[in-house]
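Number of protein chains: 4
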Amino acid sequence: MIRFITTGGTIDKIYFDALSQFEVGESVLNEMLGEALVHIDYEIVPLLQKDSLELTDEDRRQLRAYIENDDALQFVVTHGTDTMPETAEGLAGIDDKTVVLTGSLSPARFRTTDAVFNVGMAVAAVQTSRPGVYIAMSGQVFEAGKVRKNREANRFEPLD
Amino acid sequence: MIRFITTGGTIDKIYFDALSQFEVGESVLNEMLGEALVHIDYEIVPLLQKDSLELTDEDRRQLRAYIENDDALQFVVTHGTDTMPETAEGLAGIDDKTVVLTGSLSPARFRTTDAVFNVGMAVAAVQTSRPGVYIAMSGQVFEAGKVRKNREANRFEPLD
Amino acid sequence: MIRFITTGGTIDKIYFDALSQFEVGESVLNEMLGEALVHIDYEIVPLLQKDSLELTDEDRRQLRAYIENDDALQFVVTHGTDTMPETAEGLAGIDDKTVVLTGSLSPARFRTTDAVFNVGMAVAAVQTSRPGVYIAMSGQVFEAGKVRKNREANRFEPLD
Amino acid sequence: MIRFITTGGTIDKIYFDALSQFEVGESVLNEMLGEALVHIDYEIVPLLQKDSLELTDEDRRQLRAYIENDDALQFVVTHGTDTMPETAEGLAGIDDKTVVLTGSLSPARFRTTDAVFNVGMAVAAVQTSRPGVYIAMSGQVFEAGKVRKNREANRFEPLD
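Chains as they are written, first to last, in our numbering: chain A, 6 to 165; chain B, 6 to 165; chain C, 6 to 165; chain D, 6 to 165.
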């Protein structure tokens, strides 16, 4: 069984008309997995709905506690991109479960988006990787602690 | 470096107006990887353009020879779904490279399609799996020889 | 009230997996009008499901009879493109109602398609045009009898 | 010849990663008309890039002057929805040209949007309507001065 945990971020951004504000809303994950014709046992847990720049230490402790106390062994965590590497490092030491963080650089509801591909990567990586914490972004699967977001180039890359 | 090999199938179907015929055309892979914002070293080799029901033993020998003689270590093969399990079994014994077959149940050019998710899965699986031959479909990564297409249910599932 | 009549054609093409055949299926009109956030009084009548090359004189008589006997005054007819001009001419003489034929050169279910734009044109043209028979294609509203499909250029154009 | 004038609004909203801000950017009109396979003579003039709540009297004078001084006879104006009815009324008295305002309630770059349908309506209405000023939204073509946006219901409707 794969446990999906959503925490907000660009991937989940939706748009409300009134004052042209983007807001983080209901996860698009369920719709995405349906369209992908997946036949796996999964559940989606909406844990947080925040831009990743606004995530606090307490939020990260909550995420870690959730994973540690849950009986699932495979976790896909959707997350804003700006602090995804920090959150991944904050999960270090979880050695008996496989956790893959992913997200997207443009919202899943856009016509052109990296969201679907990235979630596909995460779903495969969580099944095929040894226990540990990973980030699936930019067409690559990185180990936690060995990746950074290059904001100027708009991509994730290995930490030197 | 990831070597993508396209062989045709539903994922690559395109539509020509004249007599409402679908035909297998230029691969949509390059466009898909661009939209997914991947930053990996890759090359796409268009090897065959066939419905998978029309693939011959000779076609499969050609695919196997290509993989064996190529210097890449990671291969993603796009393929029609109907005989994907047979082709995977035909690649058995390639033990020093990782080969992941994928495709889709509806064309990549459709507005609603499983193609992008599946290729995302394959790109992750080829990086994270031990050498061997795999199929990434229906939200799962299967080992060659342990999977079949359930045509009625329109999904891939473990072989009992 | 706008009466939509569907007769088949590329706009309604859907894809069934089995043998890679496109088939004309349930109209996508209802979904399209919902997404377009239309707030008009309308009903959709699925009259025929044919490629327009296969439409017979009897089919065209049936369409004409339907329009003449219906109490609506505004009709949007979705139709295959190959014989759309012939069908429009066959409706000539209906002078107390406004009839707009439209369709698309690529299926509405494709990610890239002219279908939505064309139906938008037809919905406006049927409200703003004097009674008569029209074709809305290629960004233009043509009068019946003054338009042809240029198959090579894949567009509709004025008849000289 | 149809002159398209873009003034900003939701239809043109694009998304920049940095701080999750939507911004009004380059018009998507050209891409949209290409995908719609239009074969009409047209030019796009980017006049303003504003949310319609921020449009000033001076902006509206500029728009009116542009239309009055231009030699085209058919104008499609893309515009934010919140004050589209006011702008339409501000163009009242232009009696020798046909002007159709349109826009969308969700951005054209979204996967699900009313933008393409609405521009299709406007392109037809500008060709088939008598000179005057109109709004094409919510599946309807309204005359200026006879329409309002119902913000709660998220639609345009006739003014009582």
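Each hint should be verified, as a subset may be incorrect.
Label pairs and their in silico Cβ distance ranges [unchecked claim]:
1. A/157 / B/74: 38 to 44 Å
2. A/63 / D/48: 51 to 57 Å
3. B/44 / D/39: 49 to 55 Å
Here are the computed lysine-lysine pairs in the DSSO-like style, where the Cα-Cα straight-line distance is at most 30 Å [unchecked claim]:
4. D/151 / D/55
5. A/151 / B/102
6. D/102 / C/151
7. C/55 / B/55
8. C/102 / C/151
9. C/102 / C/55
10. B/102 / A/102
11. A/55 / A/151
12. D/55 / C/102
13. B/55 / A/102
14. C/55 / C/151
15. B/55 / B/151
16. A/55 / D/55
17. C/102 / D/151
Rather than coming from a laboratory, the hints here were simulated on the basis of the structure. Model, not experiment: these values are computed from the prediction. All residues carry an ideal CB built from backbone N, CA and C; glycine is no exception.
Here's how the hints hold up against the structure:
no., hint, verdict
1, A/157 / B/74: 38 to 44 Å, "holds (40 Å)"
2, A/63 / D/48: 51 to 57 Å, "holds (56 Å)"
3, B/44 / D/39: 49 to 55 Å, "violated (29 Å)"
4, D/151 / D/55, "holds (24 Å)"
5, A/151 / B/102, "holds (24 Å)"
6, D/102 / C/151, "holds (24 Å)"
7, C/55 / B/55, "holds (28 Å)"
8, C/102 / C/151, "holds (19 Å)"
9, C/102 / C/55, "holds (25 Å)"
10, B/102 / A/102, "holds (27 Å)"
11, A/55 / A/151, "holds (24 Å)"
12, D/55 / C/102, "violated (41 Å)"
13, B/55 / A/102, "violated (41 Å)"
14, C/55 / C/151, "holds (24 Å)"
15, B/55 / B/151, "holds (24 Å)"
16, A/55 / D/55, "holds (28 Å)"
17, C/102 / D/151, "holds (24 Å)"
Of the numbered hints listed earlier, those contradicted by the structure are 3, 12, 13.
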